[in-house]
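These protein sequence lines are chains X and W, in that order. With the working numbering, the residue at position 280 of the first sequence is 280, and numbering never jumps. With the working numbering, the residue at position 13 of the second sequence is 13, and numbering never jumps.
Treat the hints with care, as some may be off.
Label-pair restraints from in silico Cβ distances [to be verified]:
{"no.": "1", "chain 1": "X", "residue 1": "ARG323", "chain 2": "W", "residue 2": "VAL22", "range": "26 to 36 Å"}
{"no.": "2", "chain 1": "W", "residue 1": "HIS54", "chain 2": "X", "residue 2": "LEU313", "range": "43 to 53 Å"}
{"no.": "3", "chain 1": "W", "residue 1": "VAL5", "chain 2": "X", "residue 2": "HIS24", "range": "46 to 56 Å"}
{"no.": "4", "chain 1": "X", "residue 1": "ARG538", "chain 2": "W", "residue 2": "VAL22", "range": "38 to 48 Å"}
Here are a few chain W residues that face chain X, going by a calculated C-beta distance under 10 Å [stated by the list, open to error]:
{"no.": "5", "residue": "PHE34"}
{"no.": "6", "residue": "GLU35"}
{"no.": "7", "residue": "ASP40"}
{"no.": "8", "residue": "ALA44"}
{"no.": "9", "residue": "LEU48"}
{"no.": "10", "residue": "GLU52"}
As a list, the in silico DMTMM-like pairs of lysine to aspartate or glutamate whose alpha-carbon atoms are at most 25 Å apart [as the list claims (entries may be wrong)]:
{"no.": "11", "chain 1": "X", "residue 1": "LYS273", "chain 2": "W", "residue 2": "ASP40"}
{"no.": "12", "chain 1": "X", "residue 1": "LYS290", "chain 2": "X", "residue 2": "ASP320"}
{"no.": "13", "chain 1": "X", "residue 1": "LYS528", "chain 2": "W", "residue 2": "ASP32"}
{"no.": "14", "chain 1": "W", "residue 1": "LYS36", "chain 2": "X", "residue 2": "GLU276"}
{"no.": "15", "chain 1": "X", "residue 1": "LYS273", "chain 2": "W", "residue 2": "GLU75"}
{"no.": "16", "chain 1": "X", "residue 1": "LYS449", "chain 2": "X", "residue 2": "ASP438"}
{"no.": "17", "chain 1": "X", "residue 1": "LYS549", "chain 2": "X", "residue 2": "GLU508"}
{"no.": "18", "chain 1": "X", "residue 1": "LYS528", "chain 2": "W", "residue 2": "ASP61"}
{"no.": "19", "chain 1": "X", "residue 1": "LYS261", "chain 2": "X", "residue 2": "GLU508"}
{"no.": "20", "chain 1": "X", "residue 1": "LYS390", "chain 2": "X", "residue 2": "GLU489"}
{"no.": "21", "chain 1": "X", "residue 1": "LYS407", "chain 2": "X", "residue 2": "GLU388"}
{"no.": "22", "chain 1": "X", "residue 1": "LYS459", "chain 2": "W", "residue 2": "GLU63"}
{"no.": "23", "chain 1": "X", "residue 1": "LYS528", "chain 2": "W", "residue 2": "GLU63"}
No lab work stands behind these hints: they were computed from the structure. Ideal placement from N, C-alpha and C gives every residue a C-beta, glycine not left out.
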Amino acid sequence: MLDLSHYASLGEALREALQRWADHVCLIEADRDRENCRLTYRQFQERALPLARALQEHGFAPDERAAIIMTNQSKWLISAYAIFYAGGVLVPLDYKLSAREQWALLRHARASVLITEFPFWRALRQEGRLDELPLRLVLVTEAPPEADVGEALRWEEFRGEGEPTFVPRRREDVACIVYSSGTGGRPKGCLLTHENYLEQCRSLTAIYPFSPEVRYLSILPTNHAIDFMVGFIGPFVCGATVVHLRTLRPEYIREAFVRYKITHMSLVPLILKNLERGLRERFAALPAHKRVALRALMRLNRWLTRRRPNVRLSRRLFPDVHRAFGGHLEMLIVGGAFSEPATLQFFYDLGIPVANGYGLTEACTAVTVNDLRPFRADTVGKPLPGVEVKILNPDADGIGEVAVRGKNVMAGYLDDPELTAETIVDGWLLTGDLGWIDETGHLHLVGRKKNMIVTEGGKNIYPEDVETFFEGLAVKEFCIFAANYIWPERRLGDEQLVLVLHPFPGEEITEAVRRDVLARNRRLPDYKRVHGYLVWDRDFPRTASLKIKRTMLAEEIRARRSRADVHWL
Amino acid sequence: MRRTVEQTLEELLHLAASHFRVPREQLAPDDDFFEKLRIDSLQALELLTRLEHHFGIELPDYELQGVTSFRALAERIHARL
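Make a model of the complete structure from these sequences and hints.
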């Protein structure tokens with residue numbers, strides 16, 4: 001792999017990688033069971049440079065911001081590299097957000113260029129007028145020939161002639177603005193520098209080295225911090241091959257494992273549990289004597305690999321299981337949310353190590369990872385090399401807020417010095433997560449100090465962002481809390497949102513209000529829905545500017561109500 | 001002859017019922033399929049594959065975005081027929 005200490009920017013490191021492994025396959029894009037394209041590092045460069053040149057011909061200047069809204073596909077990476085080559089700042093936005101939310105973030109980021117897929121562009125155009133945004137160039141991929149793309153240009157035809165100018169960046173320059181939340185409330189645009197990414201990549205590859213033999217299956221969207229690092233920057237600077245699958249459907253994921261002899265894949269707990277469910281169903285269908293034998297083999301494998309994984313040995317113990325995963329799988333990488341230890345152990349016992357860890361966008365992806373030496377299902381691992389973790393104000397059990405310091409910590413939040421000052425104190429990033437560190441240096445997470453949840457799909461959901469969808473309810477006032485924020489439990493997983501309803505004086509929550517809550521909830525994406533409502537009979541404490549004092553309200557509710565009072569939906 | 005939206009909806013309800021093994025009469029057009037079928041987003045994607053085969057069209061994953069009722073999904077399918 002490249003020695004990343006020698007490079008000042010992502011663009012510089014990627015440029016070197018594209019030259020060093022020119023004839024090696026870097027990217028395969030597959031959709032369902034067909035292959036859309038297969039590019040060597042040289043061909044990747046040949047597609048990206050005319051795009052960079054055309055951007056420059058259209059006046060795209062260093063430090064200008066270019067947003068990408070795309071599913072995971074080859075044009076995402078090609079566009080990102082072109083933006084870095086031209087010295088731009090990349091703004092990766094989640095294609096799963098609504099057009100209204102994307103619109104708000106494009107405005108907040110002041111992106112002057114947008115690269116997106118045709119269906120998302122069509123939705124954005126229906127949302128508002130282009131001239132209301134600072135955008136001056138929109139590139140649309142895969143628009144049907146007869147489609148009206150409006151003010152946009154077609155990505156496939158947007159090609160410049162001649163060599164683009166490579167624009168050097170310094171390590172402290174911002175490489176990406178990544179939104180960790182705030183689509184409905186206060187946008188949190190994390191300013192991540194080239195140094196953040198290069199150092200994060202160095203730390204991760206020190207623990208899990210990639211090589212040109214690695215074939216990485218990318219199913220998470222590339223705007224996701226994990227996939228951006230583990231499915232783009234990491235493999236590329238190691239000369240590995242990335243296989244982009246444009247669908248999350250389990251049956252095609254299984255096929256891709258076999259067809260492309262996949263060695264590594266990142267996923268979120270939701271998908272891991274889906275894989276587990278599929279395997280458990282297959283095992284349950286086995287004759288009783290085979291189930292007994294399987295359980296015995298799993299125990300044997302756990303003992304044989306108690307110090308470190310031995311995938312070759314495990315493949316011999318479970319040939320059918322490993323064949324179903326293509327026979328080359330070395331490791332799964334899971335992150336983005338809390339993983340059940342039992343699930344991690346299940347895979348490990350089958351000889352499929354699952355490297356789980358802990359991270360947050362503000363720390364450029366990962367803070368801790370399990371080094372698998374030995375495998376530990378009960379923790380989120382040890383701090384990465386060069387990353388310090390400490391527990392602030394620990395209680396009698398050693399539990400306190402997790403704080404992080406290192407070259408992976410962001411420069412701050414875009415246009416929000418106040419929030420930046422609250423979040424990064426004396427160089428320490430205050431994560432808002434609660435945990436403790438054991439005698440072996442492994443971090444254990446037990447809850448959150450902040451009012452938010454993380455779904456199994458790896459999405460951070462802030463109650464304030466969901467509240468906008470309930471505005472106009474026929475109640476005096478309402479607000480939303482993470483249940484664990486009101487009633488802390490020393491565990492993570494199965495996190496829930498509770499809608500607190502304060503009816504008008506003398507009224508109760510009517511059937512009409514209840515139906516309205518249910519109807520609004522149904523219109524939300526499943527991961528943003530509230531899980532229950534609580535009836536509250538006192539005025540919410542408010543500031544002089546009438547903002548709800550959430551901490552105080554949570555304390556009042558905690559004193560007078562319990563989880564049992566919640567009407568779960 | 002091209003199907004109507006109502007026909008598409010009826011076929012969708014029938015397929016969903018058989019795929020997830022629930023009685024057809026328990027499903028109504030405006031039901032939230034995540035709730036009614038007790039499925040997560042990945043299981044909903046499995047249904048999408050079944051629908052693709054049945055209707056002979058391609059439904060990208062993002063067609064499920066913002067869709068929760070059988071009726072809304074039927075409308076998206078119908079737009080691609």
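Unsatisfied constraints (hint numbers, rising): 15, 19
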